[in-house]
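J.: One letter stands for each residue in the lines below.
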Amino acid sequence: MKTDENTGPGATAAPVVSLEQAHLSYGPVLALRGATLSISAGECVGLVGHNGAGKSTLANVINGRLTQTQGAVHHRNADPALRNSQNAQNAGIRSVFQELSLCPNLTVLENLRIPYRNMPRKGWRRVARQKMLDALDLVFPGHGIHARATVGNLTIAERQMVEIAIAFADRDREPSLVILDEPTSSLDAAIAQQLLDHIKRFCAKGGAVLFISHMMGEIFEVSTRIIVMKDGQIVDDQPASQFTRASIVDAMGHVAPDEDTSGAGRADRTLGAEVVRAANGLNARAGEIVGLAGLAGHGQAEALAQIYFDHAPKWKSARQPEVVFVAGDRARDGIMPLWSILRNLSLTTLSEFSRKVMVDRSSEADMVQTWKDRIGIRTDNLLNPILSLSGGNQQKVLFARALASSAPIVVMDDPMRGVDVGTKKDVYQMIQAEASQDRSFLWYSTETDEILECDRVFVFRAGQIAAELVGDEITEENILNASFQMQEA
Amino acid sequence: MSDQTTPDTGHNPLRAFVQKPWLWAYLAAGITFVATSLLAGSGAGSLLYAALTFASFSAIVGIGQMLVITLGPGNIDLSVPATMTLAATLALKFMDTQTALILPGLLVAIGIGIGCGIVNFALILILRIPPIIATLSASFLYQSLAIWSNRGLRIKPPEPLAEFASGGTLGVPNVALVGIALAVCAWLLLERAIAGRWISAIGQNLRAARLSGVPVNAVRFGIYVNSAVCAALAGFLLASFSGGANLNMGTEYMLMSIAVVVIGGSSIGGGNSNVPGIWGAALFMFLIVSMLNSYGLGAGIRLILTGLVIVGVVTLASRKGYSA
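Protein sequences, first through last, are from chains A and B. Counting along the first sequence from 1, when you hit position 135 you're at 135 in my numbering, and nothing is skipped either side. Here my numbering runs 1000 ahead of the position in the second sequence, where the first position is 1.
Just so you know, the hints here were simulated from the structure itself, not pulled from any lab data. Predicted, not measured: the structure shown is a model, and the values here were computed from it. Just so you know, even glycine gets a beta-carbon here, dropped at the ideal spot from N, CA and C. Fair warning: there could be bad hints in the mix.
[Said to hold, decoys possible] Listed below are the simulated SDA-like cross-link pairs for lysine to any residue, each with C-alpha atoms no more than 25 Å apart in a straight line:
1) B/Lys1020 - A/Lys372
2) A/Lys372 - B/Ala1193
3) A/Lys356 - B/Lys1020
4) A/Lys372 - B/Ile1194
5) A/Lys200 - A/Phe220
6) A/Lys372 - B/Glu1191
7) A/Lys205 - A/His143
[Claimed, not checked] Derived contacts from chain B toward chain A, CB cut-off under 10 Å, selection only:
8) Ala1100
9) Ile1194
10) Gly1196
11) Gly1203
12) Leu1211
13) Ser1212
14) Gly1271
Go ahead and model the full structure; you've got the sequences and the hints to work with.
T.: Right, here's the structure in full:
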């Protein structure tokens, strides 16, 4: 129980938060088993682990949203009479969650007002607007977001930027520890870089950050210390310099991903006839994996939705649908919150496996069980509510929902948000295998790794196609060039 | 991060049973039944018979309304009373007390229901009017049509039809048999059919349902037409039962159709419906009024107590993890 084991440079005496053997269970499920750690000022702690390893739970125990069932949590200057969440707030702990938690019906500046306790009442809109813009300018220079815009009308990337800016904003209390849970999952590379730069500046000035990410590059870029979690336990906690990519992946309990496999399946496949052509020139051939790249929020999601709506009838249901959709914005586009995992998974294929008007429940159970094993959904009972799963596992359910169908075209709207490295590799292989059986994929992604898996890439800029890259032309450099070229013109 | 229970988690049969939201509607109905029959002393059998008869009309319109409410926030059919009146008036006028025209008369009533449903959904889909406004304004249209065709006359139903509607088979009122048959169909639809999954999916998240390949417009169309057909059928039976159609025969069924859905344990927020609860709630709604009547209370007190009891039952039912 060594709570004062600080290794970061610039670490000061009193830790912002420390945990001693903290346990947390959701009913019979033990999500956190004996976590011991401390975070001090000036540290940037990277937290990695596969889906369902307990990363989000640990973050929620630290910020007081959940109370440990055993063990102790100490916040700096804590008052034992207050609850954990109050102490965490007083200690200046702020969080950006994986599931975005802004109020969509309010404006950007009103969303800042909510956590800002002692804002002057008179003329608060003016104050909030200025504070909000200052915060956005600080983290994301050149963001182009209006403080009076309604959050519901922003793209998912802009919403994420607002949420991050609010966490770093100068409020009545200074932020001492900012917890970022998958903050870059819906940001494109350029914006993500701005965030990483800001984290470094923030820590240099004595702030602390807990950074949860599946992206190894980002973890290594900002972290001074890295914590690895597996099955609810902290299995490794060392200075970042002690780790390599491979040693982290080993500690997480996955086979180290093979760097050379990306794009390997590309050459082997012969492409069929053109199956999709949209008005803006976007097209795909049978058996082709087509990527939609470019900066986030430049019309890729809209182009995909348009293709889906053009091909899916609103009035009748086809036994063999032409196109299926994998949602990235789970809460808005995918999850049925009242249902079990089973019902969520089988929704798209109901009329495929049931021949008549009634649901064939035994085929349904077989199909869902097959996909649970194939894609590795971590649950012991498929009748559990979908919301009992972690974010990454919910995403797997949505994947299975679409891939279980026989539809020749699969439309994917940034589908890997919050999915861990091991599963990503499995899904890449699954996609390559399906493509070699003449399925076409239209794949929007904010991550370069995923775009490199594609046969052909359309780079979007301001709602239009700025470039079409084929085969070896698909490189990060070319994509970035095309994303910015038209901006200058 | 949520520990809410849903109907799917039923490992322990007893616990699962206690958690059924329709239990409370039946419990309330049972208590009022006992309280009323103890006091009135007029025989529990005849009270049950009357309750089953009158609850049938509420249950039939309630089933239609429940499916509409299941479609999610904002979906409601306020044209129920006007559709009942219009269908009953025109069907009885068409039959003109002739026995031979009973079956065609039923088809006329159902046809009017289909027509009203199409008009309702056309207003919602084509003119993009919110359902609450669309069905309310359409109901003025139906009510005016009924006034215009009826001109204040009370038309009698054909004799055999009146006998059927007020009679019974094996001690069960015929109208209750119709209502129970409809409830069984609705249960099969919601729990076992593909369309039932689609209805629930639309109620939880319309956009996600659309993106998962659910034919959303077809399902919504079917549900609005079904609600109007249920109302038309209830109107036809009610007019036959009570000896003729009149212009305000549907009035109380506006609130009744919604009350039985809510008391029956369906989620008012959509996505989660509850067929057995409809019958429990319909029986309860009749019994509470007859209980207060037999205690000899005035109309004002009766309404206040009815309101309080409804609030109580809904609170109890939603306590068990079934929040709207």
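J.: With reference to the structure, classify each hint as holding or not holding.
T.: Status of the hints after comparison with the structure:
1. In summary, the hint linking lysine 1020 of chain B to lysine 372 of chain A is not supported, as the alpha carbons are separated by about 29 Å, beyond the 25 Å threshold.
2. The straight-line distance between the Cα atoms of lysine 372 of chain A and alanine 1193 of chain B is roughly 23 Å, inside the 25 Å bound, and the hint therefore holds.
3. Of the pairs offered as hints, the one joining lysine 356 of chain A and lysine 1020 of chain B is violated, with about 29 Å between alpha carbons and a cut-off of 25 Å exceeded.
4. For the given pair, lysine 372 of chain A sits about 22 Å from isoleucine 1194 of chain B by alpha-carbon distance, which is consistent with the 25 Å threshold.
5. Between the alpha carbons of lysine 200 of chain A and phenylalanine 220 of chain A the distance comes to roughly 12 Å, so the proposed pair stays at or under 25 Å and holds.
6. In summary, the hint linking lysine 372 of chain A to glutamate 1191 of chain B is supported, as the alpha carbons are separated by about 23 Å, within the 25 Å threshold.
7. A distance of roughly 23 Å separates the Cα atoms of lysine 205 of chain A and histidine 143 of chain A; the hinted pair therefore holds under the 25 Å criterion.
8. Annotation: alanine 1100 of chain B was flagged as interfacial toward chain A, and the flag is violated, the nearest CB pair being 35 Å apart, outside 10 Å.
9. Interface hint at isoleucine 1194 of chain B: satisfied, since its Cβ lies 5 Å from the closest Cβ of chain A, which is below the 10 Å cut-off.
10. Satisfaction of the interface hint for glycine 1196 of chain B is found here, the shortest Cβ-Cβ separation to chain A being roughly 8 Å, below the 10 Å cut-off.
11. A distance limit of 10 Å between C-beta atoms decides the matter here; for glycine 1203 of chain B the minimum to chain A is near 8 Å, and the interface restraint holds.
12. For leucine 1211 of chain B, the shortest C-beta to C-beta distance to chain A is roughly 4 Å, which falls under 10 Å, so the interface hint holds.
13. Interface hint status for serine 1212 of chain B: upheld, as the beta-carbon distance to the closest one in chain A is roughly 5 Å, under 10 Å.
14. The closest approach between the C-beta of glycine 1271 of chain B and any C-beta of chain A is roughly 5 Å, which is under the 10 Å cut-off, so the hint is satisfied.
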